[in-house]
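The listed protein sequences derive, respectively, from chains E and Z.
The first sequence begins at 442 in my numbering and counts up one residue at a time.
The second sequence begins at 442 in my numbering and counts up one residue at a time.
Where hints are given, some of them may not hold.
Have a look at the derived ranges for each label pair, beta carbon to beta carbon [claimed, not checked]:
no. : chain 1 : residue 1 : chain 2 : residue 2 : range
1   : E       : 543       : Z       : 521       : 29 to 35 angstroms
2   : Z       : 603       : E       : 483       : 49 to 55 angstroms
3   : E       : 483       : Z       : 613       : 52 to 58 angstroms
4   : Z       : 585       : E       : 613       : 48 to 54 angstroms
Keep in mind that the hints were calculated from the coordinates and are not lab data.
Keep in mind it's a predicted model, so treat the numbers as computed, not measured.
Every residue, glycine too, gets a C-beta built ideally from N, C-alpha and C.
2 protein chains.
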Amino acid sequence: MNIGLIGGTGKEGRGLALRWARAGHRIVIGSRDAARAEASARELSGVAGVEIAGGDNGAAAACEVVAVCVPYAAQAETLAPLRAALAGKIVIDLVVPLAPPQVTRVRIPDGGSAALEAHQALDGAARIVAALHHVSSVHLADLGHAMAGDVLVAGDDAPAKEIVLGLIRELGMRGVDAGPLVNATALEAMTPVLLYMNKKYKRVGLGLRIAGLEDVEA
Amino acid sequence: MNIGLIGGTGKEGRGLALRWARAGHRIVIGSRDAARAEASARELSGVAGVEIAGGDNGAAAACEVVAVCVPYAAQAETLAPLRAALAGKIVIDLVVPLAPPQVTRVRIPDGGSAALEAHQALDGAARIVAALHHVSSVHLADLGHAMAGDVLVAGDDAPAKEIVLGLIRELGMRGVDAGPLVNATALEAMTPVLLYMNKKYKRVGLGLRIAGLEDVEA
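Just chain E, with the same shape it has in the complex (with noise of 0.2 angstroms):
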């Protein structure tokens, strides 16, 4: 599958990069900066050990799966030119809405959440699935480490979440349903609950595991 990713020159499309070039993937990474996603192409091409390519967004935005990694005050500005590159396509929404220096406390964005924001930057026309909130960019960087927690997704296009399940599980996470795109919420707002576990018992990358689902394969 061709994976592009948006604002992917950061943590989360870093590991994510490697995880699924080394699946087998073609992964775009893309960025504002165009030279900027190329040298980080070369460099994590190197590590995974086979191509990754570097462009501009509209070039990660051409892709059949597209995840957006960008910070959620980059998000409306950065979907806004590319509504019609992403019309009909899975776009994967990773987005938080972090309130910085405020990272353990909730907000909930005007639009309910990051991700139906983005449904509304991209007139609906993309089939947006909510995932990959809760996941350590430092340990999903890290090929040798074995994800603990879930990845809980939602979303409206009940087909285009059954890929991005199938995605997950070649990341080496458990994903689990979560529902329709409006508990998204929920998802988002999860994070800063797990960045203050983290700081208050003194971990990295506390994850969320789904009890009672323990026989339930990735």
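Following the hints, complete the assembly by docking chain Z onto the known chain E.
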């Protein structure tokens, strides 16, 4: 400790009363209908093997620690007349702002969360701790059932939160500090997600577990 359960004749109240009574606490089940609470208390006293009292919600509110177990739609009107009685008290808010019949879709109430609305309804004078949103009332009332999930606890009053964490341990569960009261929004919003998963995966009482805290004891 004296623990009062406002709206304690429902399923959640039943399990809390049984487990806390067995742990040695003095329980007062409260209801709008005192006769109904007294009948419920008599029945539960037999099950628990210790005396459980019943009365109106005012009798429950007179206890040292008070748990609010009413449905969301009844919270504001139930708390209003109890303002004076609850001033300075530790109030455990279990209320989840579900929107029946769509209980598997997240809905954020106007006040941000049921717990923040309770804080407002009580003029900011109670020591509110939001907790126990993800506990299956079926499993809780079954004294033989080992509880699998964690209990996430949010509140602005640190000593009150510590006392509630202790009470949760006595229910047979692990309590985890989830941060300030504003984070109750996330905890409440996860309940419709878990209800969705129960339906999707054909389970009863799925819960949440924090991954990466396995070495932290209940």
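Comparing the hints with the structure gives:
1. For the pair residue 543 of chain E and residue 521 of chain Z, the supplied restraint of 29 to 35 angstroms holds, since their beta-carbon distance comes to about 31 angstroms.
2. Restraint check, residue 603 of chain Z to residue 483 of chain E: a C-beta distance of roughly 52 angstroms satisfies the suggested window 49 to 55 angstroms.
3. Between residue 483 of chain E and residue 613 of chain Z the beta carbons are some 54 angstroms apart, a value that agrees with the proposed interval 52 to 58 angstroms.
4. Separation of residue 585 of chain Z from residue 613 of chain E is about 36 angstroms and departs from the stated range, judged on CB atoms against 48 to 54 angstroms.
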